[in-house]
Every structure is written in structure tokens, then in C-alpha cells.
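Residues per chain, in single letters:
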Amino acid sequence: MKIPSMPGRVGGVIRFVVTTIITLLLLATLTFFLGQVMPVDPVAHLVGPDADYETYHATYLRLGLDQPIWVQFKLYLGRILTGDFGTAFLTGNSVRADVIRVFPATIELGTLAVIIGAGLGIPLGVLAAVRRNRLSDHIIRVLTLLGHSVPIFWLGMMSLLLFYSHLHWVGGSGRVDIFYEGMVPTRTGLLLIDSVMEGDWEVFESAVRHIILPAAVLGYASMASLCRMTRSFMLEQLGQEYIIAARVKGLSNWRVIWGHAFRNIRVQLLTIVALTYAAMLEGALLIETIFSWPGFGQYLTHNLLMGDLNAMMVCVLLVGLIFITLNIITDLFYKVFDPRTAR
Amino acid sequence: MTSQITTAEDLQEQKKKKSFLLRTARSPREALLQRVALGFLEFTSNKLALIGALIVIGLIIVAIFAPTIAPFDPNEQNLSIALQAPSSAHWFGTDEYGRDIFSRIVFGSRITLYIVTLVTVTVGPIGLAIGAFSGYYGGIVDVIVMRITDLFLSFPSLILTLAFVAVLGPGLEQAVLAIALTGWPQIARLARVEALTIRKTDYVAASQLQGASDSRIIFRDIIPMCLPSVVIRVTLNMASIILTAAGLGFLGLGAQPPAPEWGAMTSTGRQYMLDSWWVVTYPGLAIMVVSLAFNLFGDGLRDVLDPRSN
Amino acid sequence: MSLIPEVTDHSPLIEVENLWVRYKMRHLTMNAVRGVSFHLGREKLAIVGESGSGKSTVGRALLQLLSDNADVTADVMRFGDFDLRTASEKQMQKIRGAHISMILQDPKYSLNPVITVGEQIAEAYRVHTRASRKEAKARTIEMIKAVQIRNPERVYDLYPHQVSGGMGQRIMIAMMLIAEPDIIIADEPTSALDVTVRLQILAILDDLVQDRGIGLMFISHDLNLVRSFCDRVIIMYGGQIVETIAAKDLDKVQHPYSQGLLNSLPSLEHQREFLPVLDRDPAWMQQMEVRK
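Residue numbers (our numbering), protein chains in the order written: chain A, 118 to 460; chain B, 595 to 904; chain C, -3 to 288.
If we strip away everything but chain A, and leave its shape as in the complex, we get:
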């Protein structure tokens, strides 16, 4: 980035803000552009196929479609900033209301998946690095490679087949068994938490039985990438001289690994976990379809398959926003928590 260099901190902040704004503008441009070339007539979409010419033309003008393209872009930016994303054709609600309704289900699923993925992936990655080229390293390597290679939708189906259909260990599709649906009032939108707040343990148990399988499948994918990252970060640290120094002091291997090497990769890992969390949206797209999970991913694909491309593009815009925000947050993590860049 060749923004005129400014001294110290202020320059850094300005540079940071400018690049972020450029990225956000590009995101808006991309979705706007895709919306323009999309093979759909937004007016017909809004007024329905039976509308007369008057209504059609009025809507056409209201949307500003007679205006030059940059005016339309300005209108588009205005709509983004005010959160006015139009009406979803499938549900009849505003897209904003829809997204607010479906998002918690995905958050709940994704959070549990990341907890599973990080909880397993990070320790396994550390182990693989410490036991480099030993049997355990090879086993972990095969496990993670499989996680990278398996189509997640297929893994979802196979696990349903095994754990639900054959073994009956877990609940099937949806967030709870049908007869529990709507039993607890929505407070946070996170069913596990809502049912605990209500003290309804039956619903809670059913919700656990439903979420565990999709979360485990999603978690396996994130475990694979977290594990590989952790392994390579750790290997880099374990080769450093300060590791020898720590051993010379007489520290136990445990202290050397966790107290010294791991302490150096914590911030790096935190950022990777944050990004994995966001990347979960991709897996969620497919997993929610398999498990009929009424979340954001299912909403996006439904809109796409049903031809409501406006609502779909709003979802894409949101995903982009989430990612960019997370990137900013992880950058800040580094600045705050790493003594080498802090103060």
C-alpha cells in the first residue's frame, strides 16, 4: 500500500482506516455490479407478474432505475447504510428481519463447531509438532488430511445414516424434535441458552441431541485446518533457540511446550480461530441443507434456488462484511496482545 507515509501511530491508524474503507467500497461495488448483471428484473419481482404498466413504471421510478448508474450506486450505498435491504420474496418479510431471525441458529451451530474444532485441533496440532515424524504425527496427519478432503455434505449424510438412522444416538433434522418446537420463548435465539433460561431441560436435551451431529461434522472440518496450522506454527517455534534456553534451565517438557513455545503462538492462533469461525459459514451452507437447520446458510441457498437473487446478494454482502470485520478485529488482537507489536 503506497499511501504517503506518516510518522508512527497516527499514520498507521489512517492507513488502516483508508484500506478498510477501500475494501468495503469494493465489496459494495462487487455486489452492486453482480446485482446489475443478474438475469432478473427487480421490478417485476417486486410488483408481481400481474401488475399493470402504471404500477410497474411507478416502482421502476421509485427504485431509481431510470437514473444513471452512479446515481443508482449512490442509492445502493444509502440503502446499505440504512439497513434497507428490501423484501424477501420467499417469506414476504423484510430481508433484514429474516436475517435477524435466522442468524442465531447459525451462530449457535458455528460456535459449538468451533469449540469442538479448536478444542481438538489445537492440542492435536501441538502433539503432532512435538512428536514430529512419529506414529502419532502420522495418524494426526491422515486425520487432518481426511478432514480437508472429505466433502462436508457427504460426511453429514453419512453421519446421519450411521448415528441417526442406524444407531439412533442423536436427533435428526431441525433444531429440536417437532413436538418441542416453539415450546420455549425466544430470548437470545440460541436454543440451548433459551431452554436453559426457561429451565426446560427436556427441550434442552432434545436441542443437544439435534445440534451435536451437525456441530461435530462442521467441527471436524475446522479441526483439520486448525490442527495443521497449529502444527506448523509450533514446529517453527520449537526450532527456535529460546526453546534450548528454556530446556537448559531445567524446565519440564510440558513447561517448555506450553509455557514457552505455545505462548508464542497464542495470538496467531486466536486470529486463525476467528477466521475459521467465519469460514464456518461455507460449511454451514451445505450442512444446514443436509440437517434442515433453519439458519443463515439455508436461507441463502433457498433464496438462490428459488430465484430471489436480491435477498441472496444481501446475504453475500453480509458474509463479506462479517469477514472484513473479523479481519479487522484479528488485526487489533495482534496489536493489543502481542508484546512485540504492543505499546
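In short, the hints are calculated from the structure, not lab data.
Do not take every clue at face value.
Stated by the list, open to error - Simulated restraints on C-beta separations: (1) C:Ala127 with A:Leu263: 45 to 51 Å; (2) C:Ser128 with A:Ser409: 57 to 63 Å; (3) A:Asp167 with B:Ser681: 50 to 56 Å; (4) C:Ser128 with A:Thr442: 43 to 49 Å; (5) B:Ser681 with A:Leu207: 39 to 45 Å; (6) C:Arg208 with A:Gly356: 30 to 36 Å.
Said to hold, decoys possible - Here are some of the chain A residues that sit facing chain B, going by a computed Cβ distance under 7 Å: (7) Leu144; (8) Leu262; (9) His265; (10) Ser266; (11) Phe270; (12) Met274; (13) Leu278; (14) Ala396; (15) Leu398; (16) Glu399; (17) Met429; (18) Val436; (19) Phe440; (20) Ile441.
Glycine residues also receive a C-beta, built at the ideal position from the N, C-alpha and C atoms.
Chains B and C: place on chain A using the hints.
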């Protein structure tokens, strides 16, 4: 560690074994040959990578000889034998139209290979060129290119691909185009980073002093140095291309029926899954094995080509 | 400590006989150290050699710090009465730091970048004593003072990237001496430092070693430094000891390699147009081979 030395005695021992590989090269061609031979030795000593390479070769052979290998016509319907479990006649069973699943998977390898090859041959060179130029020239071009790649990289690839498919419409060619459109920034990013470091090296400075043109420097000095890491990235990307394509197929947005695309096969088989497990199991397994093979192959390639990985 | 017997002042602290270190690579084996024998008492012993001569490997082999693919064998390798060859990792952890310690070359790499230097020193103390956090901190600050750093309380809370190379090496010395070891292996402790601070660091090291009666194994490639600083000098080449001699007799070395080393040093008293290039005769390796 400073003390790893090779004494005369050690050297002699090695020389007996591989005299050609260890002697000082007498010509650039011999040096190249040595590199290739040593790389090959190292690659083949990595068993997992070798397995990956063999599976990839197997996939290519299956795709080429699909009509010979497949016992049935992949699209021939016969409702009287619909949803039959695997047997000696139908190794992987039959689907809801009585089509032989094994034959469909064999023919499906052509679609997989088609997508992977087409995406790779477009994305690799384009990404490499954009990255190398952007990194070499810097300035405003670089700023714009990097912001665009930033934006693209900030999406999970499947979601951005879906956005492009929404515009392009469903279909095999559209899927390839959408995957390629989302794939190039990764390569460009990588090539740019390499180009940035190479730009500052002394030998580039030496070329410049001798009056070499920018394009000569880019093609003779920069791009060859970027190649190893780009090749590794591209190979590893092949696995994710396969998965993205399968995901699109699963959502019904990739190759259209009756084409035996593996992702689409799992998708249509989903309705019959609970009673006929084989309808979804084998196509999914095929996706996994092939994508695993590309991952293993890419990993092995990285060990050989990228000295930093060791 | 019941594990390690008390070391008497008269016997050598460390005794090594016929030490071999082999690295097993995929296609070949490399001999880094070939049949080295020496002993170390409460003295300052230098090990000198060019890079690759195996001098660092000897130090690290004593502490079992070599990587997994290194194969260490010796007829004798002991610390006092304690056999270092058969020691388990657990036993070695009790030896390291508390009995044998090591100062590494470059504080820029050998201090953990994300832990404050005070914590790193205190950790070395706490691991061998049952000291509380508070005691350890007090002891650490004392130790920082002992390596002549002013304002130790403030330095305690600094991160390694905030201190200079010279101060970093003092911190390293403090960290390695705080558990009061019997032996210090100093692996080129001053080669990464500016010439101006080298002597200060050496003086500090010298004082502390002298005061506490510590045996010092000083690994270096700098003959002049070693001549004035150490009692005895071991000269290594190609993983073998070519000569052992008292530092004051360094001018009278016998072996052609040692002579070559000395001759290639520039000197103010005997100015020469060209410094001779060191001559390495492969036959020296063979000779030693037979003697083994």
C-alpha cells in the same frame, strides 16, 4: 547447529552410492537433471505423496478409458432394476433409475478432471501474471490489485462462487467460470509476495544495470522464481476445486442431469439414502479419494519444491 | 538432592572419554564428534575450533540437548559420580540449570520474545527451588543487580525486544546462574555482541564464575580472547581434539593445525604483508582414526 560436518570419509561413502547425483554439475543441463532426480528421489521416498500421485494417475487413466472400464452405459435407465444393492453385476449398486452407479462414477471422473484442468489452466497463468506484474511494478496498480484480491480472499470460496453462479446461471461451464473467477486472487497474492522479494534481489538489480527490459526481467527472473510456490498452491487448490465443484453439484448448480457428476449424484441420492445407502456412499467416497489424492500429492510436492517447509 | 551426589572440590566435575556424536540422516550418517576425551574441574576451560569442528555439539551432548536424530555414545561421560549417558530425561531436568547450565550465543534468539525477562529469570529459579513467587522475584532482582544492570525493578518488566544485545546477554547470564550451577557451558557468549560490550560481559562472567567457584567451559573460535581469559585450551578440528594445552603455553602448540590457527591471527608485533591461509590436511583425520 553448527557442527554438522561432512568429512572426506563420509563423502566417499556417499559417493559410492550416488556418484552422479553428488558430483558437481558440469553444465546447467546436468545441474537441472540432478535437481530433478534428487527431487524425484525425495518425492518417492514420501509414501503418502506417492500414493497421492498414483491415485491421480489412476484417475486420468480411468477418465481416458472410461468407455472400456465402465461395464454399463452411465445413462441407460432400467426402472426394473432401480435401487439395487451392490452385487457382482452392479458393483456399487444401481440408482433410482436403475443406472449402474459404478459406471456413472467412472464416467464422472471425466467431469471432475475437466473442471480441475480447466480451472487450473486458466487460474494458474492468470494469477501468476497478475501477481508478478503487480508485485514488480508496485504503485497504484499494485494497490488496486491487492484490494481486489483482499476482497475476494475475504469470502469463503463457496459463497463467492455461489454469487457468480447466481449471475451466470447453473451449468458445468458456468461452474468452471465461477470457480475460476474466485480462484485467481490466491495465486496472484502468492506470486506478488514472491515478486516483491525477488524485485529487491541483487541479480535483478544486475539485470537492470545491464539494460534488461522490464518484461524480460519479469519473464526471465521473476516468473521462474515464483513458479515453485505457485505450482504447489495450484496443486493443493485442485483438492478444493474438486470440493467446491462437488458442493455446487450437490446444490444442483453444477453439471446438470443426467450428467454423472459426483456431487449431483449424492444430491439426488439423498432422498433414497435411508433405504439405499449405496446411492450416496460411493459417489461421495469418490470425491473424497480424489481430493485426498490431490492433497497428498500437493503436500509431497511442497516438501520437494519448497525448502522452507523443512 | 539425593539424585546427584555432592561433588567434591578435588575430583574433576566433568569427565568425558571417547565421546561420539553421529547424526543419522535419511541417506547417510554424519560424524559430528569423533572420540573426544577431556575433563573439566573448577577452572576455565576453552574449546576452540572453526565452525563445524563439533565444539558446540560437545557442549550440547553433555546436557542431552541434541535433536532426536543425534546418536551420542561415550565410554565415560559423567558429572561427578553421576553417569550422564544413562540419565533419563527427568534426571536431566534436575541437572540442567541447577548443576550444569549453558549460556547461548545470541540473546536476540535465546530469550523468549513474549515473556518478560524478569519472569524468565525467575522461572529458572523457581523450577529448582520451592521458592514462592515473591521470593523468586526478590532473588531475580538481586541477580539482575549482580550482572550490573542498573534499575533492576524496571528491567524486570521489560520484554526481550526492549533490551539491547549487551543487556540481553547479561540477562542470559543472570538466568543461567540464578540456580547456582556447578558448571557453566558458555557457547560463544560474546560473538553476537558489539566489540565494545564484549569485554564488559566477559568481566561480569569472570567475576561470577570466580566468586562462586564454578567450572567454566568456554566455547569459542577466538584464540586471542581465550588466551587471556581461560586456564586451559582444547583445540578441535573435524570433530576431534587435536591438542590440549595450558593457555599460557598457547604459543608452543605442536600440531600443525593449531600452529596454522595461531599463524593466521593478525598481530601488531609481527606485521606481515599476507596472513597465511589455514592449511587443512585430510590426513589429520585419518591419524586420529587409528589412535582410537
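Results of checking the hints against the structure:
The hinted window of 45 to 51 Å between Ala127 (chain C) and Leu263 (chain A) holds, with their beta carbons roughly 48 Å apart. At roughly 58 Å, the beta carbons of Ser128 (chain C) and Ser409 (chain A) sit within the given window of 57 to 63 Å. Roughly 54 Å separates the CB atoms of Asp167 (chain A) and Ser681 (chain B), a value that falls within the hinted 50 to 56 Å. A beta carbon spacing of about 45 Å between Ser128 (chain C) and Thr442 (chain A) agrees with the range 43 to 49 Å that was offered as a hint.
The hinted range of 39 to 45 Å is satisfied by Ser681 (chain B) and Leu207 (chain A), whose Cβ atoms lie roughly 43 Å apart. Roughly 33 Å separates the CB atoms of Arg208 (chain C) and Gly356 (chain A), a value that falls within the hinted 30 to 36 Å. Nearest Cβ of chain B to the Cβ of Leu144 (chain A): about 6 Å, under the 7 Å cut. The hint holds. Below 7 Å, beta-carbon pairs count as interface contacts, and Leu262 (chain A) has one with chain B at about 5 Å; its hint therefore holds.
A cut of 7 Å between beta carbons decides the hint on His265 (chain A): the least distance to chain B is about 6 Å, and the hint holds. For Ser266 (chain A), the interface hint holds, the least distance from its beta-carbon to any beta-carbon of chain B being 4 Å, beneath 7 Å. Here the hint on Phe270 (chain A) is kept, as its CB sits about 5 Å from the closest CB of chain B, short of 7 Å. Among the interface hints, the one on Met274 (chain A) holds; its C-beta lies about 5 Å from the nearest C-beta in chain B, closer than the 7 Å criterion.
Hint on Leu278 (chain A) holds. Least Cβ distance to chain B is approximately 6 Å, under the 7 Å limit. A hinted interface residue such as Ala396 (chain A) counts as satisfied when its beta carbon comes closer than 7 Å to some beta carbon of chain B; here the least separation is about 5 Å, so the hint holds. A hinted interface residue such as Leu398 (chain A) counts as satisfied when its beta carbon comes closer than 7 Å to some beta carbon of chain B; here the least separation is about 6 Å, so the hint holds. For Glu399 (chain A), the interface hint holds, the least distance from its beta-carbon to any beta-carbon of chain B being 3 Å, beneath 7 Å.
Restraint check, Met429 (chain A) versus chain B: the minimum CB separation of about 6 Å is within 7 Å; hint holds. Given hint, Val436 (chain A) at the interface with chain B, holds; its Cβ is 5 Å from that chain's nearest Cβ, closer than 7 Å. Because the closest C-beta pair between Phe440 (chain A) and chain B is about 4 Å apart, less than 7 Å, the hint holds. Taking 7 Å as the C-beta contact cut-off toward chain B, the hint placing Ile441 (chain A) at the interface holds, the least distance being around 5 Å.
Checked against the numbered hints listed earlier, the structure breaks none of them; every hint is satisfied.
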